[in-house]
Amino acid sequence: MIDRKDVVTLKTPFPNISSELAIRSHMYICHRVKDKTKYFVKCQSIKPYMLIKNTMNHFLDEQPDIQRNPFKNSTRIDCDKDFYTLNLCYPKRLCTTIRPDVCEDVIQKVDVALTSDGYDSHSLNEQEMLQLNIGIYRT
Amino acid sequence: MPYSSKRKLALCGWLQDHHRDVYDSSLKLQKFLFFYEVFSKTEGENAEFRSLQGYERGPVFSTVYGDYTYEKFKFDVTSAGIYKDANVEINMKRAQKTAFMVKSLTENELTDLTHLFQMWKAKQGRILSGEKSVPLMETDFNEEDKKIVIQLNEMYTDDVVQNSKIVSIGDKNFVFSKEDYDKLTETHYEVLTKLSVNQELNNPVFVEMDNRGRLIVD
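Those sequence lines, one after another, are chains A and B.
If you want my numbering, it's the 1-based position in the first sequence plus 185.
If you want my numbering, it's the 1-based position in the second sequence plus 50.
Do not take every clue at face value.
Looking from chain B toward chain A, a few residues come up when the C-beta cut is under 7 Å (computed) [what the hints assert, rightly or not]:
hint	residue
1	162
2	197
3	200
4	205
5	208
6	211
7	217
8	221
9	241
10	252
11	267
No wet-lab data here; the hints were simulated from the structure.
Don't be surprised by glycine CBs; every beta carbon is placed ideally from N, CA and C.
This is chain A alone, in the form it adopts within the complex:
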């Protein structure tokens, strides 16, 4: 099962568009595991609009670097909030392939950014997770 520091790519649906046609996909870093509950922070490709209007207060920017992370593009890790599931299991084989995790330095910086001013926690829809992400299962 995945652990702290592991990175998985999770698919989520678009409202009003069948998930047979299009879905969203982002990398999530598992930053905490407590019993069956897994907590994640979301990673997004850095885009020009972020230079114009930064909508995040706490974040960590990472360049692709196999020694540190599995990212293919310049990536911003959103540390204003995290996401969790209560009863889902994520086998290790769902981890990203370039490397399965982020390094200790990255996860520690995520911890610092998350805790500096507190953060919101959002539950992920477990039924949608199960439907869209093959390999995840409920215990």
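Given chain A, work out where chain B should sit, using these hints.
Coordinates of chain B only, in the frame set by chain A:
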């Protein structure tokens, strides 16, 4: 005619030849020229900011604007000729990256982006008070400007620029690998049309296709 420098004419000729859609927008052409020059400067190469003036929607090379606006046919022919003569060196990789970036954003987004530069901000008050033809100075290009250029350079990797194609629908510019682009069907375009009104998506929108033909959106 023309008042534009040979360097600018060659760049416009290249743009006309490779990205006619960008060339056909006066604003996008100006953004292409501006970003080509700031990329050149940031990489420590020769850059030319002569005749750069500040307008409400950003920096404008006034000689190019004049030639392009008032003598378009001559400008098309002359710029194409100067580019084909190959007497002026163009950094192809940089030109491709700049054109790709300009193509991947809307005119308003490009305007917002050029407004971030100190080169424009230094004269913002005069420009927005209605003063015309306010000269923008290369000496106002500072470390913050350099940082913006470096960040843009990191966002638009050579791999993405060389191996991707852009599908523009409404205000959204979807970026596909060339391989996936060739597989797009009418149904995909219908889905992209629906996605083009999604407020949560920001340009450039990177899209991959999975083995079931489903669109995977970043």
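**Report entry** chain A contact restraint for residue 205/B - C-beta distance below 7 Å
**Finding:** holds, 6 Å
Report task. Using 7 Å as the Cβ threshold, decide whether residue 200/B counts as touching chain A. Result -> Violated. Min distance 10 Å.
Query raised in the report: Taking the least C-beta to C-beta distance, is residue 221/B closer than 7 Å to chain A?
Result: violated, 12 Å
Query raised in the report: Holds or violated: is there a CB of chain A closer than 7 Å to the CB of residue 162/B?
Result: Cβ of residue 162/B sits 5 Å from chain A, so the hint holds.
Query raised in the report: Measuring from the C-beta of residue 241/B to each C-beta in chain A, is the shortest one below 7 Å?
Result: holds, 5 Å
Query raised in the report: Once the shortest beta carbon distance from residue 267/B to chain A is found, is it less than 7 Å?
Result: holds, 5 Å
Requested in this report: So, residue 217/B near chain A? Judge it on the closest CB pair being under 7 Å.
Outcome: With a closest approach of 13 Å, the residue 217/B hint is violated.
**Report entry** Evaluation of the interface hint that places residue 211/B against chain A, nearest CB under 7 Å
**Finding:** At 12 Å from the nearest chain A Cβ, residue 211/B fails the 7 Å test, so the hint is violated.
Query - Interface restraint verdict for residue 197/B against chain A (beta-carbon cut-off 7 Å) - result: violated, 9 Å
Query raised in the report: Are residue 208/B and chain A close enough, Cβ to Cβ, to be under 7 Å, as the hint says?
Result: violated, 12 Å
Query raised in the report: Minimum Cβ distance from residue 252/B to chain A below 7 Å?
Result: Cβ of residue 252/B sits 5 Å from chain A, so the hint holds.
Hints 2, 3, 5, 6, 7 and 8, counting from the list given before, are not met by this structure.
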